[in-house]
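Q: Chain by chain, the residues run as shown.
2 protein chains.
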Amino acid sequence: MNFTERLRASQNAQNSLVCVGLDPDPRKIPQFLHQNENPVAEFNRRIVESTHDLVCAYKMNLAFYEALGEKGWQALRATLALIPKSVITIADGKRGDIGNSSEMYARSILEDFNFDASTVHPYMGFDSLQPFARNAERGVFVLALTSNPGAKDFQYLKVQGKPLYEHVIRRVKKWNTAGNFGLVVGATRPAQLKTIRALALTLPILIPGIGAQGGDLRKAVRYGCDASGFLALLTAARSVLYASSGEDFADAARAAALSLRDEINVCREEYFV
Amino acid sequence: MNFTERLRASQNAQNSLVCVGLDPDPRKIPQFLHQNENPVAEFNRRIVESTHDLVCAYKMNLAFYEALGEKGWQALRATLALIPKSVITIADGKRGDIGNSSEMYARSILEDFNFDASTVHPYMGFDSLQPFARNAERGVFVLALTSNPGAKDFQYLKVQGKPLYEHVIRRVKKWNTAGNFGLVVGATRPAQLKTIRALALTLPILIPGIGAQGGDLRKAVRYGCDASGFLALLTAARSVLYASSGEDFADAARAAALSLRDEINVCREEYFV
Chain A
1 MNFTERLRAS QNAQNSLVCV GLDPDPRKIP QFLHQNENPV AEFNRRIVES THDLVCAYKM
61 NLAFYEALGE KGWQALRATL ALIPKSVITI ADGKRGDIGN SSEMYARSIL EDFNFDASTV
121 HPYMGFDSLQ PFARNAERGV FVLALTSNPG AKDFQYLKVQ GKPLYEHVIR RVKKWNTAGN
181 FGLVVGATRP AQLKTIRALA LTLPILIPGI GAQGGDLRKA VRYGCDASGF LALLTAARSV
241 LYASSGEDFA DAARAAALSL RDEINVCREE YFV
Chain B
1 MNFTERLRAS QNAQNSLVCV GLDPDPRKIP QFLHQNENPV AEFNRRIVES THDLVCAYKM
61 NLAFYEALGE KGWQALRATL ALIPKSVITI ADGKRGDIGN SSEMYARSIL EDFNFDASTV
121 HPYMGFDSLQ PFARNAERGV FVLALTSNPG AKDFQYLKVQ GKPLYEHVIR RVKKWNTAGN
181 FGLVVGATRP AQLKTIRALA LTLPILIPGI GAQGGDLRKA VRYGCDASGF LALLTAARSV
241 LYASSGEDFA DAARAAALSL RDEINVCREE YFV
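Chains A and B, in that order, are what the protein sequence lines are.
Take 1 as the starting number for the first sequence in the numbering used here and just add one per residue.
Take 1 as the starting number for the second sequence in the numbering used here and just add one per residue.
Source of the hints: derived by calculation from the structure; they are not laboratory data.
Be aware that one or more of the hints could be misleading.
Repeated chains share a single entry, so a pair holds when one copy, or any two copies, can fit it.
Heads up, simulated SDA-like pairs for lysine to any residue below, C-alpha to C-alpha not over 20 Å straight-line [to be verified]:
id, residue 1, residue 2
1, Lys219, Phe272
2, Lys174, Pro149
3, Lys28, Arg107
4, Lys152, Pro163
5, Lys28, Glu103
6, Lys152, Gln130
7, Lys71, Asp112
8, Lys71, Arg46
9, Lys194, Asn100
10, Lys28, Ala250
11, Lys152, Lys173
12, Lys158, Arg170
13, Lys71, Phe113
14, Lys71, Glu103
15, Lys152, Trp175
16, Lys152, His167
17, Lys152, Leu33
18, Lys194, Arg45
Construct the complete structure from the given sequences, taking the supplied hints into account.
A: Here's what the structure looks like:
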């Protein structure tokens, strides 16, 4: 199975389009966890245990692990070992470098850590992304239109009458001969998400910005899914991870993930059945 | 002193525009080093000891360290500890993420590892770069026109009649209120380097692609320097690191760095005095 098929299978089996962003910030996790030798690993363990049946994917932003040094990489490895095979793992590293350097990043992410997919910057073009895409089972999500304010600096620049991000998408479609490319489109851009899905009918779309970043969930479902109600990865991090700052944080995370899953599934039934 | 002033001071004191890319590949370093507990740390130690008086900067591509896991981060830390303060250190990580994630990367690179400068992707715009630029003493090199084949995929797209990379440069100039922004321009693009320097008279330009990637050294000096013959960082990695694969590798690296420094200084005298 190529990555797109794997993602669809996971979303179908889990009955969920929820992707939880495992971006643990030591300053935000419950105080009592700091007794543990590796507080972030323990935090992740409990979040994964209490949510893994409710999600189709976990996305780890590598910045949060890199910032912790060796303890961070240990936590990342320990967390990955707990995630069931049926759930997709995404290394959100936004890498992109010349060929021999991207090879190194890809080796670390896809071989050493054995992630199912990665996120990449488009700016350096095809040879900078190819090492992440060589195995059709592994996905590569290319940044198209991001959720942050700075998206307006370059992504909307007009090239032959169309915004730059549309050129990125057209190029990604050409590269997607093996069925393992996808896009990143922020949930904070619903109108653009609609035109992007119309342009890229069959690509997985990773949609961060649900929850803390304020993206509109109903629109993200409606415009982000493919025609059969799949292939959108609706991603929330802070609103799930920090649903409670007390000892009940894992239960609160479960409740938040469950409500997100159900809210999404209600929308899917409304729009796609 | 802001970063631009620091770079100029270093280039002046060292009488060198050479930046050595410390991108150690365990498969390429001399065989006998594999007896050491951390072969890459030992390789770097001997390269730094034999070249530090000949360079103005070292650039570490983080991919090479990340690929080695914990040993890689140990090697990076050990290497940084050996580099004299007079020499600029650049974390070539090509990062770029939403604000709170870029904060994490910046904390790791600028606080934990204490690098003098970083490289970043422009695609996500200002808030994705700001955490790397907050301290005027620390530099941030924004990818403008890269040395790899994929540069043509997006960087040359025409926006209002000008290539995208020129828009990136104009934006960087606006952001550079504190004197710590720079650009990355591949040595494989001499004609474009000339127009870029004319656009960005006072920005540091990091110029990879000398040596193994085949960039034209004389043109890189002529077009990459500012009007006084400074602020180009002429970067070679493989041609210095692997000048010999024998026990004399550090001497051979010194000879390669020396010849590069002198060749550059001859050009500078010709063009700028």
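Q: Hint by hint, note whether the structure agrees.
A: Each hint tested on the structure:
1. Lys219 with Phe272: Result: close within a single copy only, 13 Å intra versus 59 Å inter.
2. Lys174 with Pro149: between (28 Å within a copy, 17 Å between copies)
3. Lys28 with Arg107: between (31 Å within a copy, 16 Å between copies)
4. Lys152 with Pro163: Classified as both: same-chain Cα gap 10 Å, cross-chain 17 Å, threshold 20 Å.
5. Lys28 with Glu103: between (34 Å within a copy, 15 Å between copies)
6. Lys152 with Gln130: Result: close only across copies, 15 Å inter versus 27 Å intra.
7. Lys71 with Asp112: both (16 Å within a copy, 13 Å between copies)
8. Lys71 with Arg46: within (17 Å within a copy, 28 Å between copies)
9. Lys194 with Asn100: neither (36 Å within a copy, 27 Å between copies)
10. Lys28 with Ala250: Classified as within: same-chain Cα gap 14 Å, cross-chain 47 Å, threshold 20 Å.
11. Lys152 with Lys173: Between copies only: 17 Å across chains, 23 Å inside a chain, cut-off 20 Å.
12. Lys158 with Arg170: Intra 14 Å, inter 16 Å, cutoff 20 Å: intra and inter.
13. Lys71 with Phe113: Answer is both: 15 Å inside a copy and 15 Å across each meet the 20 Å cutoff.
14. Lys71 with Glu103: between (24 Å within a copy, 18 Å between copies)
15. Lys152 with Trp175: between (25 Å within a copy, 15 Å between copies)
16. Lys152 with His167: Cα proximity of Lys152 and His167: in one copy and across copies (15 Å, 13 Å).
17. Lys152 with Leu33: neither (39 Å within a copy, 49 Å between copies)
18. Lys194 with Arg45: Close neither inside one copy (36 Å) nor across copies (53 Å); limit 20 Å.
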